[in-house]
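Counting in the numbering used here, the sequence shown tops out at residue 140, every number present.
Hints in this document: simulated from the structure, not taken from any laboratory.
Please note that the accuracy of each hint is not assured.
Computed list of lysine to aspartate or glutamate pairs in EDC-like fashion (alpha-carbon distance at most 16 Å, straight line) [stated by the list, open to error]:
(1) K87 - D66
(2) K48 - D132
(3) K89 - D72
(4) K33 - D72
(5) K32 - D72
(6) K87 - D132
(7) K87 - E126
(8) K87 - D104
(9) K33 - D17
(10) K32 - D45
(11) K32 - D17
(12) K89 - E138
(13) K87 - E50
(14) K89 - E126
(15) K89 - E50
(16) K89 - D45
(17) K33 - D66
(18) K48 - D66
(19) K87 - D45
(20) K32 - D66
(21) K120 - D104
(22) K89 - D111
In this text the structure is predicted, and so the values were computed from the model without any measurement.
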Amino acid sequence: MGSCSSDTLVRVWDLRTMNPVKKINAHGNDVLSIDFNKYENFIATSSTDNLIKIFDLRSGTDMPMMIFSGHQLAVRKIKFSPYHANILASSSYDMSIRIWDCNNQMQVNKFDQHTEFVTGLDFNLFVENQ
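All chains, full assembly: derive it from the sequences and hints.
Structural data, given as structure tokens:
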């Protein structure tokens, strides 16, 4: 299990011992969301610094393997696609949802039809392209 906090840390927990097995100093600001990639041992993080970072949990470092920028305000929620290991979605207080390709390390789509903060998102587990 993972958790994130306004202390800028991401913690990965061992549920048997109830102790953190990894602490990542992920951002310089509050960390708002995390998500594990179900295909790789990666964790994505988002923050009030407007950034998305991806960390390899096998590494012994706090250095992200990727950083995505593009949101103009805090990134409230992130989610890896359950169908494609390289696809990550993000929602932000800038009223947008963005889709990122981790293989090419770039934004591939932007949805900006919301007129207020976008506070959450999720993929449909029963229909692949939703």
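Unmet hints by their number, sorted upward, for this structure = 1, 3, 13 and 14
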